[in-house]
Amino acid sequence: MDDTDTTAAHDLLELLELRAIERLKYRYLRCVDLRLWDELAACLTAGATASYGGGTIVRTGRDEVVGFLRGAMPTRLISSHKCHHPEIDLVGPAEATGVWALDDVIIDRTLGISVRGAAYYDDRYVKVDGTWLIDHTGYKRVYEELTLLPAADAGGPAMTAHWWETDGRSSLTPTETTP
Amino acid sequence: MDDTDTTAAHDLLELLELRAIERLKYRYLRCVDLRLWDELAACLTAGATASYGGGTIVRTGRDEVVGFLRGAMPTRLISSHKCHHPEIDLVGPAEATGVWALDDVIIDRTLGISVRGAAYYDDRYVKVDGTWLIDHTGYKRVYEELTLLPAADAGGPAMTAHWWETDGRSSLTPTETTP
Amino acid sequence: MDDTDTTAAHDLLELLELRAIERLKYRYLRCVDLRLWDELAACLTAGATASYGGGTIVRTGRDEVVGFLRGAMPTRLISSHKCHHPEIDLVGPAEATGVWALDDVIIDRTLGISVRGAAYYDDRYVKVDGTWLIDHTGYKRVYEELTLLPAADAGGPAMTAHWWETDGRSSLTPTETTP
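As you go down the protein sequences, you meet chains A, B and C in turn. By numbering that gives the first Met the number 0, the letter at position 44 of the first sequence is numbered 43, and the numbering carries on one by one without gaps. By numbering that gives the first Met the number 0, the letter at position 43 of the second sequence is numbered 42, and the numbering carries on one by one without gaps. By numbering that gives the first Met the number 0, the letter at position 138 of the third sequence is numbered 137, and the numbering carries on one by one without gaps.
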């Protein structure tokens with residue numbers, strides 16, 4: 000290959016790597032919110048570290064990280080973690096760093112609370128046997144708000160669909176107008 | 000082309016296809032929220048199927064799908080549908096599947112309600128005459144919450160900008176501090 | 000290069016340009032929400048124009064734009080601006096347009112308000128000395144809601160983490176269940 004081809008090959012590889020890392024992050028968050036612990040474990044290196052709560056909770060190693068999430072995220076809770084704005088740098092042939100913006104929501108009807116916030120992740124990824132894995136994930140919060148939820152009959156929200164309790168189906172019917 | 004070139008061409012094509020499919024989804028959701036029904040129809044195959052409400056509402060064929068949305072989404076409502084975390088697989092030269100995470104909000108001031116939730120889409124796309132189209136879209140809800148909105152003078156939100164009623168302009172003025 | 004190579008080189012360049020423009024937007028919004036005014040200035044052309052509030056506020060030139068944001072966004076406020084659904088077109092070798100969907104939140108505990116909304120951006124980007132910069136940014140709001148926040152002891156949200164006040168650390172501890 001000549002120099003132009005070499006540069007093109009490098010650029011193409013970088014685009015493929017960025018896609019693979021982004022998809023890893025999307026899979027990890029889907030596994031958190033849908034409680035897919037085995038699939039989540041497969042997103043992590045054996046020595047993966049995680050920092051939650053903006054740094055107040057630190058876990059070391061895949062088993063500790065998954066064990067913490069499994070305990071902190073029962074299906075009694077609803078959670079929604081959405082990451083945005085990837086700023087990913089390949090810092091070596093098998094290593095990358097990633098900054099992401101997070102929006103998250105936790106709803107715990109047993110405790111009668113919601114927690115909503117935003118954060119910036121600083122992640123590290125490594126490529127092991129051809130597959131990108133999360134080697135570190137952690138974030139610092141832009142903000143986090145705790146709200147005590149009134150009961151639905153006192154102005155609080157009513158849960159009209161739930162992944163586990165209603166198999167994701169809504170009890171609402173839209174009002175349709177005639178064109 | 001030699002083998003390296005063939006692989007590179009394949010990888011580049013895949014990246015282009017993923018971009019095209021993502022953009023199709025973004026256009027579809029923009030058309031939903033801005034009520035652009037003709038442009039929305041052009042995102043769908045003639046036989047497109049759609050499942051809304053986490054499976055409670057099923058429509059078959061482009062006309063039925065667009066007709067349902069047109070009736071369920073008058074401009075009296077505000078809606079915001081945002082999809083994230085694409086996990087798209089090309090499963091054939093002209094067919095792809097897509098998993099997406101959805102966050103959505105509906106505000107109906109006439110009924111005095113808001114509906115907020117999250118979901119996972121399972122979509123199918125096909126390429127027709129060189130253009131990717133949605134052949135099936137549907138989702139299962141992670142959660143959905145219905146809230147009865149108090150009037151603004153009773154602690155409820157005040158609408159300070161609206162796409163149709165204020166041409167998208169805000170009535171708020173920021174308080175500026177002097178550096 | 001033959002025709003196939005030329006097309007491939009063009010497609011690859013387009014993918015790289017789209018990535019660079021997306022990353023520029025992500026950096027700009029991170030700089031807004033984290034109040035990184037010098038880094039934000041480096042995202043703008045000298046003559047950059049910005050339209051905020053759905054068109055009610057217009058600023059011309061990098062210094063005016065940064066000056067406005069600096070005054071309107073003290074660290075007393077929490078802000079979260081997240082953009083989604085990029086529909087970017089390269090309209091020349093060094094010029095592009097971008098449509099984005101925005102979700103944003105402002106929380107001002109001094110005034111006791113939150114402002115939440117959604118919008119569509121219509122941006123213009125230019126490439127100067129090999130670097131993409133924002134030459135115009137502006138949006139039209141889908142909706143914007145102002146809510147007067149009750150105090151936390153009257154049912155309002157309690158701030159449990161804050162980028163500047165708690166260094167992004169949360170004061171909440173999850174309730175862990177035993178598997």
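Hint data in this document are derived by calculation from the structure and do not stem from the laboratory. Quick caveat: nothing in here was measured; it's all calculated off a predicted structure. All C-beta atoms, glycine included, are put in the ideal place defined by N, C-alpha and C. It is possible that part of the hints are untrue.
Label pairs and their calculated CB-CB ranges [what the hints assert, rightly or not]:
id, chain 1, residue 1, chain 2, residue 2, range
1, B, D2, A, V127, 19 to 29 Å
2, A, T130, C, D1, 47 to 57 Å
3, A, G154, B, D166, 50 to 60 Å
4, C, H9, B, T3, 13 to 23 Å
5, C, I112, B, T3, 33 to 43 Å
6, C, A93, B, D2, 42 to 52 Å
According to the in silico footprint, chain A covers these stretches of chain B (three or more CB under 8 Å from chain A) [as the list claims (entries may be wrong)]:
id, stretch
7, 78-88
8, 164-175
Unmet hints by their number, sorted upward, for this structure = Going through the list in order, the structure violates hints 2, 3, 5, 6, 8 and respects the others.
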